[in-house]
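Student: From these two lone chains plus the hints, build me the complex, please.
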Amino acid sequence: MENIALKTTNITKYFHDPVTIPVLKNINLEVKKGEFVSIVGKSGCGKSTLLYVLSTMDRDYEGVLEINGVQATGQSLNSLAAIRNESIGFVFQFHYLLPDFSCLKNVMIPALKLGKFSPKEVEARAYEKLKMFGVEELALKKANKLSGGQQQRVAIARALINDPAIIMGDEPTGNLDSKNTGIVFDLFQKLSHEYGQTLITVTHDEDFAKRSDRIVEMADGEITNHGHR
Amino acid sequence: MKISVNTEIALTYLSSRKKQTVVAAMGVMFGISMFIFMQSLMKGTNDYFEKSSFSTTAHIRLYSENKVADAHMLNSYLKDNSTKILTNPKQLQQSLGLTNPYGIIQNIRKNPQVVAVTPQVTTNVIYASGSVNINGTVAGVNIDEEDKMFDVQGNMKEGDLHDLNRVNNGLLIGKGIADKLSLHVGDNITVRAGSGSPMIMRVIGIYATTIKQIDETKSYANIVQAQNLLGKDRSYVTDIKINLADYNNAPKVARDMETITGYKAEDWVQSNEQLKAAFKIRAIILNSVIGVILLVAGFGIYNILNMTIYEKIKEIAILKATGFPGNSVISIFLQQAVYIGLMGGVIGVIVGFLITFMVSKIYIGAGTLKYLPMSFYIPHYIEAVCFGILTTIAAGFFPARKASKVDPVTIIRG
Numbered sequence: 000m001e002n003i004a005l006k007t008t009n010i011t012k013y014f015h016d017p018v019t020i021p022v023l024k025n026i027n028l029e030v031k032k033g034e035f036v037s038i039v040g041k042s043g044c045g046k047s048t049l050l051y052v053l054s055t056m057d058r059d060y061e062g063v064l065e066i067n068g069v070q071a072t073g074q075s076l077n078s079l080a081a082i083r084n085e086s087i088g089f090v091f092q093f094h095y096l097l098p099d100f101s102c103l104k105n106v107m108i109p110a111l112k113l114g115k116f117s118p119k120e121v122e123a124r125a126y127e128k129l130k131m132f133g134v135e136e137l138a139l140k141k142a143n144k145l146s147g148g149q150q151q152r153v154a155i156a157r158a159l160i161n162d163p164a165i166i167m168g169d170e171p172t173g174n175l176d177s178k179n180t181g182i183v184f185d186l187f188q189k190l191s192h193e194y195g196q197t198l199i200t201v202t203h204d205e206d207f208a209k210r211s212d213r214i215v216e217m218a219d220g221e222i223t224n225h226g227h228r
Numbered sequence: 000m001k002i003s004v005n006t007e008i009a010l011t012y013l014s015s016r017k018k019q020t021v022v023a024a025m026g027v028m029f030g031i032s033m034f035i036f037m038q039s040l041m042k043g044t045n046d047y048f049e050k051s052s053f054s055t056t057a058h059i060r061l062y063s064e065n066k067v068a069d070a071h072m073l074n075s076y077l078k079d080n081s082t083k084i085l086t087n088p089k090q091l092q093q094s095l096g097l098t099n100p101y102g103i104i105q106n107i108r109k110n111p112q113v114v115a116v117t118p119q120v121t122t123n124v125i126y127a128s129g130s131v132n133i134n135g136t137v138a139g140v141n142i143d144e145e146d147k148m149f150d151v152q153g154n155m156k157e158g159d160l161h162d163l164n165r166v167n168n169g170l171l172i173g174k175g176i177a178d179k180l181s182l183h184v185g186d187n188i189t190v191r192a193g194s195g196s197p198m199i200m201r202v203i204g205i206y207a208t209t210i211k212q213i214d215e216t217k218s219y220a221n222i223v224q225a226q227n228l229l230g231k232d233r234s235y236v237t238d239i240k241i242n243l244a245d246y247n248n249a250p251k252v253a254r255d256m257e258t259i260t261g262y263k264a265e266d267w268v269q270s271n272e273q274l275k276a277a278f279k280i281r282a283i284i285l286n287s288v289i290g291v292i293l294l295v296a297g298f299g300i301y302n303i304l305n306m307t308i309y310e311k312i313k314e315i316a317i318l319k320a321t322g323f324p325g326n327s328v329i330s331i332f333l334q335q336a337v338y339i340g341l342m343g344g345v346i347g348v349i350v351g352f353l354i355t356f357m358v359s360k361i362y363i364g365a366g367t368l369k370y371l372p373m374s375f376y377i378p379h380y381i382e383a384v385c386f387g388i389l390t391t392i393a394a395g396f397f398p399a400r401k402a403s404k405v406d407p408v409t410i411i412r413g
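Protein chains in written order, with numbering that gives the first Met the number 0: chain H, 0 to 228; chain E, 0 to 413.
It is worth saying that the hints were derived from the structure and are not from the lab.
Heads up, some of the hints might be wrong.
To be verified - Restricting the straight-line Cα-Cα distance to at most 30 angstroms, the calculated cross-link-like pairs of lysine-lysine (DSS-like) are:
id, chain 1, residue 1, chain 2, residue 2
1, E, Lys50, H, Lys140
2, E, Lys275, E, Lys109
3, E, Lys109, H, Lys141
4, E, Lys156, E, Lys179
5, E, Lys17, H, Lys144
6, H, Lys130, E, Lys89
7, E, Lys50, E, Lys211
8, E, Lys179, H, Lys140
9, E, Lys50, E, Lys275
10, H, Lys141, E, Lys401
11, E, Lys313, H, Lys144
12, E, Lys404, H, Lys141
13, E, Lys275, H, Lys140
14, E, Lys89, H, Lys12
15, E, Lys89, E, Lys66
16, H, Lys115, E, Lys18
17, E, Lys156, H, Lys141
Same shape as in the complex, but just chain E (with noise of 0.2 angstroms):
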């Protein structure tokens, strides 16, 4: 292998001063290994609350909602260029259901960033069993794509939920519902509607989100099951829930829709503002921590070389008498610095590994969550290095610099 004469001295200089050229390296190393573990902890994090809040929300609601009255009636009945003004508007009710489901299921399945769309029944509903009565909701669904999109079988506690589509009467109960009312898989409740009558339902599973409020209120049953219950027909339907490949489109595309179909369409970020806001203040945190860290690994190069110039001022001197230019010292310098960084980032990459793995096993027991929830992804570690080596560049070049506008004679003559 040739190796340049710049890099050779560099190295030189490197190995024989071990002992500094470790210690600036563990300072990157340091830096590094944090970067990775608060990244992975991060993103960890927030992977965690995304799913839990995924888990049951979808990326798109779209429903129908009350709305407050206008003039566009009167307009059409009195044909004038009148202004009309109506004082005090009232909400009008509108049917829950929607008008011509399955068409616009068709219709949003032709967008292509949208990857999942299911029609549900949502119906407030009275729990009975024995003489307690406990308010709650009903989600009639198609279980399968349900479980496509928000994962119900990782919730499952007791049961099968394609028991849904092969029971009749089957309701799918969350645990804190069958808590209150004492009941298992293969027990019978009463449910009833606001409108509809009574029916009596076996509970075919029990499942628990990480979510007691959800747990304590929500059941899942088949869609016609819901539709039963409401005495309704089979084109009933009151929500429509789409997910899309990037969720971060969503309330972009989610405004087409409202645009399109004439419907509310409530995106994620508007049903969970406070998840966003602390996403954002997560990473502001964490940025600054890390840029903190590296700011202190990059200032430990930047001393290091410098001293290393300050003892070599003589030897620079000689190298520049000898016919190297100024561009060469720098390299010898900054290469040094690059060393040191690479070698930092090295160790760092899997020190952070480690850490981040031995992170993950421990428990934490908060809740449904076991241990600190810890991402390894594999990017973290790219940037780290990058981020690493532009530190120790940024921190090798300022001393570099110095070294290359050493002037030979002042230090040769003394």
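This is chain H alone, in the form it adopts within the complex (with noise of 0.2 angstroms):
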């Protein structure tokens, strides 16, 4: 199965404060290469929990995960990071920028660590990518002058500037207007339909989550509906 982007085998994650509870049970999850799933749930179901674990970045759960045909479970902490660097953009709830740097800086980094080009095409690549979501007059600007959905914005050209094979988005369009989720959600659907770049968005937003490819639903810890077509 060449085009899996991601799979699960029975991953299974508990809680341990202040009991040990379970929180991810047996999740088998496949996605394709160039899909757009979004998972939707309740709060407290485990759905953001799962993508942490999707991410590479929670390590404490049992079972199996596989990016890219390539097991991430049991890897040293440095190929781990590798593997995010080159192939995860990561869209977090909040914005999470770096508030020293300006927005361009802030855009180039992961490409600056990841070294595949030399910093002036970076540079020029940062700029296109914050051209698609209207924010490059904002470049030169400090992160932590911007509002909330500018950052936001920046936030997302900064998941994509590596031209991940996975985009995770964990409410990605939680701080923004209804005019740029539209603007995002169209870029989302470029990248997986044109370029076959996967995407996984955790969302509590019907109408954002009805427009993907796949919805999957998740219920105290279980995936209750795999939502294939």
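Tutor: Here's what the structure looks like:
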């Protein structure tokens, strides 16, 4: 199955504080390359927790995670960091930019880390990404001078800078008005359909979820509907 | 110039908190400048005392010492295997002169560590001028060699020391003698050695060392004059003075010479034990003070970086989420420490030099010591920078390692 972007086998995770309770129970999920998947469910059903497991940041789980056919489970912290840097773009629930840096630098940093392009090329690419979200004129402003919505768009631009195979979003449009939500959604759709990038978003926004390719529903730490059409 | 992204982030963090950075750098600067100042003062003081000690003491002095009587003669007379015991053995008077001194000198010169050797005739004398007599010693020397070893020239107050070679019966006296007998250059002085007849000599110069006791007793004469004074021949030599390339080797070389020549070889450590002890005590005081200063500076950096990490914990999580591995995070924070250290180091070297320079101009006026002895010794500055940077790295490492262990999930999810 070469066109599988991400696959989980029996992922189970517990929270230990204050008492041990299972938050994820035997999650078996497959996401194809170029698919645009929304994960929905009530607050506390474990959808964000699942996303952090999928992002490789959370290593405290049982089961197996494969990304692009490579087993991520059990890999060293450094190689997971390298996987995240190159193949995963993450958009957080809150914007989370580095406030001391300009927007442009914020977008550039993951690419400078990757080192695939020269700093000049990275800068040009960063401008391009900012332009897609209509924030290019803010490029040289410090990140902490921006409004929430502007920061969120810069953060999405940052997630895209390395053309990651998988883009993950935890409420990526949570801070955006309907117009900008529309822009972001159209762009996500374009990324998945035209460029073959895989998108996995956790969202409360029903409209946003409905328009994606596939809705995975979760309840009480289990997938209740895989949403295959 | 291509700088890595880690460096760029480190520099941005430093420049976005200028005040904290400057305060931390000041701490290092203070530590390093104090380090330089204290080291300069200690080396200056040690050099001063060493110099004043070596201005009168050779690294090694070879002389004939009286020996305790032993059974050697008895053995060679009786030639049997019995054990002889001398009850109440006495010191045997040895000839004060060395046997074949110029042969010994030639032998000593063969040692590659030896840089200067000079024979000397030392004798106790009574100086007389008018009705006043005072005790003292005359050192009969080759004044050129003596000057090379002990910098006699540097102690000259009046007259020309080379007159010892030119003026018949010339005598170079200490300032104390000159004062007690109210003598000036060109005056006559009567000198009587224990076994010889009195001799009238002419004061050709007056010197002053830092040691009063020497200035009040010792005078220099040409070695031939000293031999004449004692009524001895030209091969009469009481001491051989030896200087080495490295005076720290003196004790070992002295022991070797004792074995070779059979005479007593006294090294400068034996004759200046209190000096050696003072060096050691000063070094301990100094090193503990410097240690405390650097420790305090190190804690300053540690604190500031620790605070930064608490402040930036979300950003560290972001960096890790976007693919910065732990060692990149260590590099980012350790670099901040190193730049603080470098900044403090450079300023500290300049400030340290200025303090040292200013203090070296403070008038003390104790005895012959006019100004505080300070040394300007380049290795101190290099050491200071190295220690400063080592301290900052040590102080930065623990916060940096803590930063690298930040778990992005707990921070981002809150």
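Student: Look at each hint and say if it fits the structure.
Tutor: To see whether the hints hold, each was checked on the structure:
Of the supplied pair hints, the one linking Lys50 of chain E and Lys140 of chain H is violated, its CA atoms being roughly 65 angstroms apart against a limit of 30 angstroms. Proposed proximity of Lys275 of chain E and Lys109 of chain E is supported: the alpha carbons are some 29 angstroms apart, at most 30 angstroms. Distance restraint check for Lys109 of chain E and Lys141 of chain H: the Cα-Cα separation of roughly 76 angstroms exceeds the 30 angstroms cut-off, and the hinted pair is therefore not satisfied. Our distance criterion of 30 angstroms between C-alpha atoms is met by Lys156 of chain E and Lys179 of chain E, whose separation comes to about 16 angstroms.
Note on Lys17 of chain E and Lys144 of chain H: the hinted pairing holds, with a Cα-Cα distance of about 19 angstroms set against a maximum of 30 angstroms. The hinted pair formed by Lys130 of chain H and Lys89 of chain E fails the criterion: a straight-line CA distance of about 108 angstroms is larger than 30 angstroms. Among the hinted pairs, Lys50 of chain E with Lys211 of chain E is consistent with the structure: their alpha-carbon atoms are about 16 angstroms apart, no more than 30 angstroms. Note on Lys179 of chain E and Lys140 of chain H: the hinted pairing is violated, with a Cα-Cα distance of about 86 angstroms set against a maximum of 30 angstroms.
Restraint check for Lys50 of chain E and Lys275 of chain E: the C-alpha separation of about 13 angstroms stays at or below 30 angstroms, so the hint holds. Our distance criterion of 30 angstroms between C-alpha atoms is met by Lys141 of chain H and Lys401 of chain E, whose separation comes to about 27 angstroms. With a C-alpha separation of about 18 angstroms, the suggested pairing of Lys313 of chain E with Lys144 of chain H holds against the 30 angstroms cut-off. Of the supplied pair hints, the one linking Lys404 of chain E and Lys141 of chain H holds, its CA atoms being roughly 27 angstroms apart against a limit of 30 angstroms.
With a C-alpha separation of about 65 angstroms, the suggested pairing of Lys275 of chain E with Lys140 of chain H is violated against the 30 angstroms cut-off. Between Lys89 of chain E and Lys12 of chain H the alpha-carbon distance is near 96 angstroms, which puts this suggested pair outside the 30 angstroms criterion. Taken as a hint, the Lys89 of chain E and Lys66 of chain E pair is honoured in the structure, with Cα atoms around 8 angstroms apart against an allowance of 30 angstroms. This hinted pair does not check out: Lys115 of chain H and Lys18 of chain E have alpha carbons roughly 36 angstroms apart, beyond 30 angstroms.
Under the criterion of a C-alpha separation no larger than 30 angstroms, the hint pairing Lys156 of chain E with Lys141 of chain H is inconsistent with the structure, at around 73 angstroms.
Checked against the numbered hints above, the structure violates hints 1, 3, 6, 8, 13, 14, 16, 17; every other hint is satisfied.
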